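Asks: Protein chains in written order, with our numbering: chain A, 1 to 632; chain B, 1001 to 1101; chain C, 2001 to 2150.
Everything labelled a hint here was simulated from the structure, so no lab data went into it. It is possible that some hints are incorrect.
[Said to hold, decoys possible] Quick list of simulated restraints, FRET-style, between CB atoms:
1) B:Val1069 - C:Arg2009: 25 to 31 Å
2) C:Phe2067 - A:Asp580: 54 to 60 Å
3) C:Arg2009 - A:Arg597: 45 to 51 Å
4) A:Arg597 - C:Ala2137: 40 to 46 Å
5) A:Val617 - C:Phe2048: 36 to 42 Å
6) A:Gly586 - C:Ala2137: 56 to 62 Å
7) A:Val578 - B:Leu1084: 55 to 61 Å
8) B:Val1069 - A:Arg597: 41 to 47 Å
9) C:Val2050 - B:Ala1058: 50 to 56 Å
10) A:Gly620 - C:Arg2091: 17 to 23 Å
11) B:Leu1083 - C:Ser2113: 37 to 43 Å
12) A:Arg597 - B:Leu1084: 31 to 37 Å
13) A:Val617 - C:Val2050: 25 to 31 Å
This structure is a prediction, so every number in the text was calculated from the model and none was measured. For every residue, glycine included, the Cβ atom is placed at its ideal position computed from N, Cα and C.
So the chains spell out like this:
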Amino acid sequence: MTNPLALIALLPLLGFLLNGTFATAIGGHRFGHRTAALIGCGMPLAAFALTIQMFLTLQASGYTPIVEPLYRWATLGDTTFDITFYFDRLSAVMTLIVTGVGSVIHIYSTGYMHDDKSFGRFFAYLNLFLFFMLLLVLGRSMLVLFVGWEGVGLASYLLIGFWFDDLANAAAGRKAFITNRIGDAGFLLGMFLLYRAFGTLDMDVINAAFATGAPVAMVSASLVGLFLFIGATGKSAQIPLYVWLPDAMAGPTPVSALIHAATMVTAGVYLVARMSGLYLQAPEASQLMAVVGVVTAFLAATIALVQHDIKKVLAYSTVSQLGFMFVALGVGAYGVAIFHVVTHAFFKACLFLGAGSVIHALGGEQDIRKMGALRTKIPVTFWTFLIATAAIAGIPGLAGFFSKDEILWYAFASETGGGTWLWAMGALTAFMTAFYMTRLLWLTFFGASRMSHEVEHHVHESPLSMTGGLVVLAVLSVVGGYIGIPHFLEPMIPLPKVVASLEHFEHTLLYVSVAIAFSGVGLAIFMYGGPASRAEGVARASGPLYGLLSGKYFVDELYAAVIVRPLAWVSEHVLLKVGDRLLLDGTLNGLAGLAQRSAGLLGRVQSGSLQLYALLVMVGMVGALLWSWRHV
Amino acid sequence: MMESSQFLLAVAGGLFVIGLLGVVIRRNALVMLMCMELMLNGVNLSLVTFSQQRADAAGAVMVFLTFVVATAEVALAIPIVLLLVKHARSLDIDRFSELKG
Amino acid sequence: MLVLREPMRVALALITSMTSLGAVYGLMGVHFIAAFQVLIYVGAVMVFMVYVLMLLEVKEAPGSRRFSRYVLPGVIGGALLVAALGAGMLRGPASAGLLPGEGDQAFNLVEFSSTFLTQYWFVFELTTVFLVGAIVAALAVVNVSRRRQG
């Protein structure tokens, strides 16, 4: 095997092509569900196996990065653009997560989408997504990364709008794609600046150049960092481009788990971590990242407090956790951010898949106000959901605790951008996270049943394909924290230095984190464990605030009024009516009309009248005589 | 006072122009033919003048040939006009504008 | 000639013009050409023309218009042409005058004929061919007219 890395990426592509042709309407549904599932799950599993093998190879070689050129894409004068695959510690971590969690979710989907008529299409799209995501994390050049970046956006669009017969789903897919593209404009600008400064887009070369400080004069690192961050806000759902993620819950739940929790939305985090060499020289951009991250985390958490759709709570929770990751990136703790990516992938995927299991059990119900008392009816789902909730809330010993605590510590004490207020907002957000996740757990599984009778009658545990994945992810949520990723990545991405005077606060903050987690959980149990009037009373008391939070701060409406409507107006009246019809069509029609009219005019010369011809000869003679005297 | 050769050439040119003008102006087909003869005469005069000026016989030979050609042309043009007139029942040129583009 | 109404009068004007030209040729010394001018042009061509006019004139309806549609542009064009030719002539180099008596010698009959038939004999033969062609064409026209008639 000459190109194992390329094979990792290309196997899912093969799955896409096979399933896409034969398991869909294009191929007349020639593959049955079993074959489609075999191919659809087999490819990611094979990719996972290959990744493990590559990881062992990497380890054996002392973690020197493996570079695999595949194909010369373009040659422009002296510079060439190649498709090269690059495997180092960071890529290894990301690829393992993508293929590993991806495989689990694929297997889960065989159970979840069992009755869907577009089974083959679903697996084709999932495999396509996996291919692009692997391109993203394995690429050496920013161009390959960008291809993967755009490709996952495409796959996301296809999968969010999977049930496109309902126009709302299609609109959500479109919203996701367009919002992503706005961020991509920033990404492209960053790439242009980098190319102009370095003449190459290979990320390891750029990072090394920044580290040695060579042509830094040519480009402002902060400016590039800002542009790349704008791209990241689009893909990783930060302010101001996060609005697509809650709407993306219109897609099937495995999609939400894979794309909008574990992998695609972490692409922005990966990008920044990969370009750590750049960001170490860009203090202003890093500071901005930290601020945006913490504000996003805070606001998203406040919105999640009052949501009553099980998937929407999880969506806002994802936005919030992504904010945490950007806080970590902003203060220079890149390895910690990746650590949180890994643990978040475990417990968030588990949560989403658990939510999917609940929805499946309830025959499609997603409103938690209509759930309750599911604890005994679907035990496996319940226990895995409980473990994952505990992980995200930060209960000590589980995965989320380790990563979140490290983030908060570095937010407080990092030399590059840490601050007390940053920590305080983060801590408050952590408190809210614990609260609303426990609220979700409680309202779904505990208390009295608020389900309708026929729903309650049909509640059943999910099949093994689904529960198996839940168990695997729950186990990972427990043990994932001990993997120690920041230290694994440290030789490549150093941890930031801590302000010396604050070093002794480390243990204090640890205890504070524990206290926050437990108090959040406790408060939620208190609020929702008692009579229902307790929660309702609080909601009523905080009237307008509750309305604001319920309306998601009316950001969507604001965007619609300020951006979308004026743009639509301009498109309709200026561009369509004036630009297209008047100018373009008018010019073309005018030219054609001009040609016709002049032809008609000239045609009158040939009237058939001999005398006219003779007259023209006379005039022509005069002209010829005059012309022949030019040189006399 | 002009040289006599210039004068003769002016006369030749004048004959030519009057002939051409007649072709354009007049309506009657036979009158048009006669104006064409006038044009030919003008050209002949200029040929003779130049030939005399340079004592070259080539010009005179050309005049001789012009006579031949003009006669043959008239001999054929008149019957054609006759046929056209019989067809259109009028000598008016405007009736014969079927060679339109 | 341009303004006479009756075509017969136009023909008479043309005959006068051609005869005068013959006289001019004679005065210039090219007697051979002068003779042929009168013989061929006036004697054959114009007689033919007058004959045809007499043939057709009877059928011609009186009161037909004299001038075509292009009178005004024609006159303007003619004026322009006269101006252009006149300007060209005046610009040109000063011409040598006409040869006085020597012309007579180059253009008397014997000289001219020998030059014509020795140096330009090929052209002479070509005119013969041309006349044959003209005869064939005339026969064709006659045939066409006969077919038309019956």
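Asks: Does each hint hold? Answer for all of them.
Replies: So, going through the hints one by one against the coordinates:
| no. | hint | result |
| --- | --- | --- |
| 1 | B:Val1069 - C:Arg2009: 25 to 31 Å | holds (27 Å) |
| 2 | C:Phe2067 - A:Asp580: 54 to 60 Å | holds (55 Å) |
| 3 | C:Arg2009 - A:Arg597: 45 to 51 Å | holds (46 Å) |
| 4 | A:Arg597 - C:Ala2137: 40 to 46 Å | holds (43 Å) |
| 5 | A:Val617 - C:Phe2048: 36 to 42 Å | violated (26 Å) |
| 6 | A:Gly586 - C:Ala2137: 56 to 62 Å | holds (57 Å) |
| 7 | A:Val578 - B:Leu1084: 55 to 61 Å | holds (59 Å) |
| 8 | B:Val1069 - A:Arg597: 41 to 47 Å | holds (44 Å) |
| 9 | C:Val2050 - B:Ala1058: 50 to 56 Å | violated (33 Å) |
| 10 | A:Gly620 - C:Arg2091: 17 to 23 Å | holds (20 Å) |
| 11 | B:Leu1083 - C:Ser2113: 37 to 43 Å | holds (39 Å) |
| 12 | A:Arg597 - B:Leu1084: 31 to 37 Å | holds (35 Å) |
| 13 | A:Val617 - C:Val2050: 25 to 31 Å | holds (28 Å) |
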